[in-house]
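Residue numbers (the numbering used here), protein chains in the order written: chain E, 8 to 337; chain G, 8 to 337.
Simulated from the structure, these hints should not be mistaken for laboratory data. Keep in mind that the hints are not guaranteed to be accurate.
Given that identical chains are not distinguished, each listed pair holds provided it fits within a single copy or across any two copies.
To be verified - Quick list of in silico lysine-lysine cross-link-like pairs, DSSO-like style, CA-CA up to 30 Å: (1) K164 to K25; (2) K62 to K164; (3) K21 to K287; (4) K91 to K287; (5) K191 to K21; (6) K269 to K25; (7) K287 to K24.
Protein chains: 2
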Amino acid sequence: MDSLEISQDSVKLKLLKKLLISQEYISGETLANDLGISRTAIWKHIEQLRESGYKIEAQPRQGYRLLSRPQQDLSLEEIGLCLKTSWMGHRLIYLSETASTNDVAKQLARQEAAPGTVVLAGHQTHGKGRLGRRWISPPDVNLYFSIVLRPNVSPSKAAVATLVVAVAIVKAIREVAGIPATIKWPNDILCQGRKLVGILTEMSADMDRVHHIVVGIGINCNSDLTSLSNHLLAPATSITLETGTIVARDQLLCCCLEQLEKYYSIWIEQGFASIVDEWKRHSETLGKRIKVLVDDQIVEGTAVDLDQNGNLILNRENEIIRIIAGDVLV
Amino acid sequence: MDSLEISQDSVKLKLLKKLLISQEYISGETLANDLGISRTAIWKHIEQLRESGYKIEAQPRQGYRLLSRPQQDLSLEEIGLCLKTSWMGHRLIYLSETASTNDVAKQLARQEAAPGTVVLAGHQTHGKGRLGRRWISPPDVNLYFSIVLRPNVSPSKAAVATLVVAVAIVKAIREVAGIPATIKWPNDILCQGRKLVGILTEMSADMDRVHHIVVGIGINCNSDLTSLSNHLLAPATSITLETGTIVARDQLLCCCLEQLEKYYSIWIEQGFASIVDEWKRHSETLGKRIKVLVDDQIVEGTAVDLDQNGNLILNRENEIIRIIAGDVLV
Numbered sequence: 008m009d010s011l012e013i014s015q016d017s018v019k020l021k022l023l024k025k026l027l028i029s030q031e032y033i034s035g036e037t038l039a040n041d042l043g044i045s046r047t048a049i050w051k052h053i054e055q056l057r058e059s060g061y062k063i064e065a066q067p068r069q070g071y072r073l074l075s076r077p078q079q080d081l082s083l084e085e086i087g088l089c090l091k092t093s094w095m096g097h098r099l100i101y102l103s104e105t106a107s108t109n110d111v112a113k114q115l116a117r118q119e120a121a122p123g124t125v126v127l128a129g130h131q132t133h134g135k136g137r138l139g140r141r142w143i144s145p146p147d148v149n150l151y152f153s154i155v156l157r158p159n160v161s162p163s164k165a166a167v168a169t170l171v172v173a174v175a176i177v178k179a180i181r182e183v184a185g186i187p188a189t190i191k192w193p194n195d196i197l198c199q200g201r202k203l204v205g206i207l208t209e210m211s212a213d214m215d216r217v218h219h220i221v222v223g224i225g226i227n228c229n230s231d232l233t234s235l236s237n238h239l240l241a242p243a244t245s246i247t248l249e250t251g252t253i254v255a256r257d258q259l260l261c262c263c264l265e266q267l268e269k270y271y272s273i274w275i276e277q278g279f280a281s282i283v284d285e286w287k288r289h290s291e292t293l294g295k296r297i298k299v300l301v302d303d304q305i306v307e308g309t310a311v312d313l314d315q316n317g318n319l320i321l322n323r324e325n326e327i328i329r330i331i332a333g334d335v336l337v
Numbered sequence: 008m009d010s011l012e013i014s015q016d017s018v019k020l021k022l023l024k025k026l027l028i029s030q031e032y033i034s035g036e037t038l039a040n041d042l043g044i045s046r047t048a049i050w051k052h053i054e055q056l057r058e059s060g061y062k063i064e065a066q067p068r069q070g071y072r073l074l075s076r077p078q079q080d081l082s083l084e085e086i087g088l089c090l091k092t093s094w095m096g097h098r099l100i101y102l103s104e105t106a107s108t109n110d111v112a113k114q115l116a117r118q119e120a121a122p123g124t125v126v127l128a129g130h131q132t133h134g135k136g137r138l139g140r141r142w143i144s145p146p147d148v149n150l151y152f153s154i155v156l157r158p159n160v161s162p163s164k165a166a167v168a169t170l171v172v173a174v175a176i177v178k179a180i181r182e183v184a185g186i187p188a189t190i191k192w193p194n195d196i197l198c199q200g201r202k203l204v205g206i207l208t209e210m211s212a213d214m215d216r217v218h219h220i221v222v223g224i225g226i227n228c229n230s231d232l233t234s235l236s237n238h239l240l241a242p243a244t245s246i247t248l249e250t251g252t253i254v255a256r257d258q259l260l261c262c263c264l265e266q267l268e269k270y271y272s273i274w275i276e277q278g279f280a281s282i283v284d285e286w287k288r289h290s291e292t293l294g295k296r297i298k299v300l301v302d303d304q305i306v307e308g309t310a311v312d313l314d315q316n317g318n319l320i321l322n323r324e325n326e327i328i329r330i331i332a333g334d335v336l337v
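Produce the entire structure from the sequences given, and follow the hints as far as they go.
Structure (C-alpha cells):
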C-alpha cells in the first residue's frame with residue numbers, strides 16, 4: 008500500500024512551481040540556492056517528479072526545463088500546484104488503499120493534525136456511509152477524501168457542518184462538471200434524482216465543545232454503472248455517466264477544497280444563516296412531500312423550509328415540525 | 008505501572024465467592040472440580056488472593072479457609088465481590104497510574120469495549136476537567152474512573168448523560184458517606200458549596216447517532232486540604248474532610264456503579280423526564296441568581312427550572328432562556 012504526502016510548504020512543490028513559471032532552463036545551482044538545498048537534493052526531487060509523470064528535460068550547463076505535466080486524472084503534485092486555499096488541504100495524505108478515509112483522518116485528528124488536513128484514498132475497502140451503510144468505493148475512478156476540521160462550536164451546532172459541506176461540494180461539482188447537482192437533505196448530492204455524492208460527518212466532542220470533526224466525502228466521478236448500481240439502496244450515478252467525459256479528479260478536488268474553505272469560513276465567521284439561502288437554491292428536498300426517519304419513527308409531511316439553524320421544517324397536516332437529524336426515505 | 012483487570016466471570020472471583028460463603032474448609036479438589044480447573048490453578052489463584060490482602064489458611068487434607076479480607080480502602084477483588092449490577096463495571100481495568108482514565112476508556116471504546124467497561128486509576132498525571140481544565144488527581148486517595156457507554160441516541164440527546172450521571176453519583180455519595188452532596192448544573196457535585204466531584208462526558212458520534220460516550224468521574228474521597236486547595240478555581244473538599252473518617256473507596260465505587268446502572272437504565276428506557284425530579288431535588292443551582300458562560304457570552308439570570316430535555320431555564324428580567332450547555336460562573 009502506497010502512502011504519499013504533499014504539503015504546500017514542501018520543497019518538491021516549490022521546485023515544481025519554479026519550473027512551471029519559467030519558460031527557460033533553470034540551472035541546478037540556481038534552484039539549489041533559491042530553495043536552500045544541495046544540487047544532489049534538487050536532482051533527487053527532479054527524479055521523483057519524473058516518476059510522478061512530469062517530463063523534465065536536463066541539459067548539461069543549462070539546467071532543467073519542464074516539458075509536460077502528468078496525463079492521469081489524479082496527480083498529487085497537480086493538486087499541490089493548483090490549490091488556491093489559505094489552509095484547506097495544505098497537508099494532503101494519499102493512500103492507494105485504506106479501509107476508510109474517515110478512520111485514518113480521525114486517528115490523525117486525535118494526534119493533533121492541523122485543521123484542513125486531508126486524507127485521500129485511491130480505494131476504500133470499508134467505505135462508510137450514514138447509519139452504518141457501506142459506501143461503494145471502486146479503485147482509482149472516484150474521489151474518497153476526509154477532512155479534519157476544528158470548529159470552536161458546541162456539539163449541538165456541529166450538525167450543520169454537513170449542510171455547509173453539501174453546499175460547498177454541490178457548487179464545486181456544478182463549476183467543474185457543469186451538471187445540475189442538487190442537495191437532498193441532509194447530506195446527499197444527487198443528479199437527476201440519482202446519488203452522486205455521500206457525506207459522512209463524525210465528531211469527537213465533550214458536552215461543551217467539539218474537539219474535532221471529520222467530514223468524509225465520496226464523489227462518484229468516473230465509475231461506470233456496473234460498479235455502482237448493484238450495491239446501493241438508491242439509484243446512483245457518476246459525473247462521467249452524466250457528462251460522457253472523464254472528469255479530472257485532481258481539478259475537482261482542488262475546487263472542492265476551495266469551496267469548502269470558503270463556506271466553512273462563512274459558517275464560522277457569520278453563522279449558518281449566511282449560507283442557508285445558497286443551500287435552499289440547490290435543494291432537492293424543499294417543496295416535496297417526504298417521509299423522514301427520525302429516531303426510529305417515520306414522520307411524513309411536506310418539506311417547507313430550512314431554518315437558520317439547519318433544521319428541516321416539515322408541514323404535517325398544518326402542524327409544523329423542526330427536524331435536526333433524520334433520513335429522508337422518499 | 009501496574010495494570011490489573013477483574014471481570015465478573017473470572018475464575019478468581021468465583022473462587023473468592025466460594026471461600027467467602029463457606030464457613031468450613033473447602034478442599035482444593037472440590038474447588039478444582041466446581042470451577043473446572045486444576046488444583047495447581049486453584050493454588051495459584053489462592054496465592055494471588057493472598058497478595059491482594061486476603062488471609063487464607065491452608066490445612067493439609069482439609070483445604071482452604073478465608074480468615075480475613077483486605078484492610079486497604081481500595082481492593083479490586085472486593086469491588087468484584089460486592090458489585091450488585093447486571094452489566095455496569097462487569098469488566099474493570101485498574102491502572103496504578105495513567106495520564107487520563109477518559110483517554111484510556113476512549114481508546115477501549117474505539118476497540119469495541121462492551122458498555123459498562125470501567126477504567127479506574129490510582130493516579131492521573133493529566134486528569135482532565137471541563138473546558139480544558141485540569142482535574143487534580145493525587146495518588147491513592149481518591150476515585151478516578153471512566154465508563155464506556157453506548158446509548159442509542161442522537162448526539163443532541165447525549166448532553167443529558169452528564170445530568171443522569173450526576174444524579175447517580177450524588178445518590179451514591181449520600182448513601183455511602185452520609186453527607187449533603189448537591190448538584191451544580193451541569194456537572195459538578197458540591198458539599199457545603201465546595202467541589203467534591205467533577206464529571207467529564209466525551210462522545211464520539213456521527214450526526215445521526217452516538218458511537219460511544221465516555222464519562223469520567225473524579226471523586227475527592229480521602230485527600231487532605233493541601234493536595235486539593237491550591238490548584239482549583241473553586242474551593243474544593245473531600246469526603247474525609249467532611250466526615251472526619253476514611254471512606255472505603257471500593258464500597259463507594261460499587262455504590263456509584265449500581266446507581267449509574269439504575270439511572271442510566273431509567274434514562275434509556277423511560278427518558279430523562281423520569282429523572283428530572285430527582286435531579287431537581289438535589290440541585291444546588293435552582294432558585295439562585297447565576298451567571299452562565301454560553302459560547303463565550305455571559306448570560307445572567309435566575310435559574311428557575313430544568314426542563315425535561317435537561318436544559319436549564321433561566322429567567323432574565325422576565326425573558327425565559329433555555330440553556331443546553333454552559334458553565335455556571337457564580
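Hint-by-hint comparison with the structure:
Taking identical chains as interchangeable, the C-alpha atoms of K164 and K25 are never at most 30 Å apart, the minima being 43 Å within one chain and 53 Å between chains. Taking the shortest Cα distances, K62 and K164 never come within 30 Å of each other, neither inside one copy (48 Å) nor across copies (57 Å). Taking the shortest Cα distances, K21 and K287 never come within 30 Å of each other, neither inside one copy (41 Å) nor across copies (63 Å). In this assembly of identical chains, the alpha carbons of K91 and K287 lie at most 30 Å apart only when taken from the same copy (27 Å versus 54 Å across copies).
Proximity of K191 to K21 under the C-alpha cut-off of 30 Å is found in neither arrangement, the shortest distances being 40 Å within a copy and 56 Å between copies. Taking the shortest Cα distances, K269 and K25 sit within 30 Å of each other inside one copy (27 Å), while across copies they are farther apart (67 Å). With identical chains, the CA atoms of K287 and K24 are never at most 30 Å apart, being 39 Å at best within one copy and 65 Å at best between copies.
Checked against the numbered hints given earlier, this structure breaks hints 1, 2, 3, 5, 7; the rest are met.
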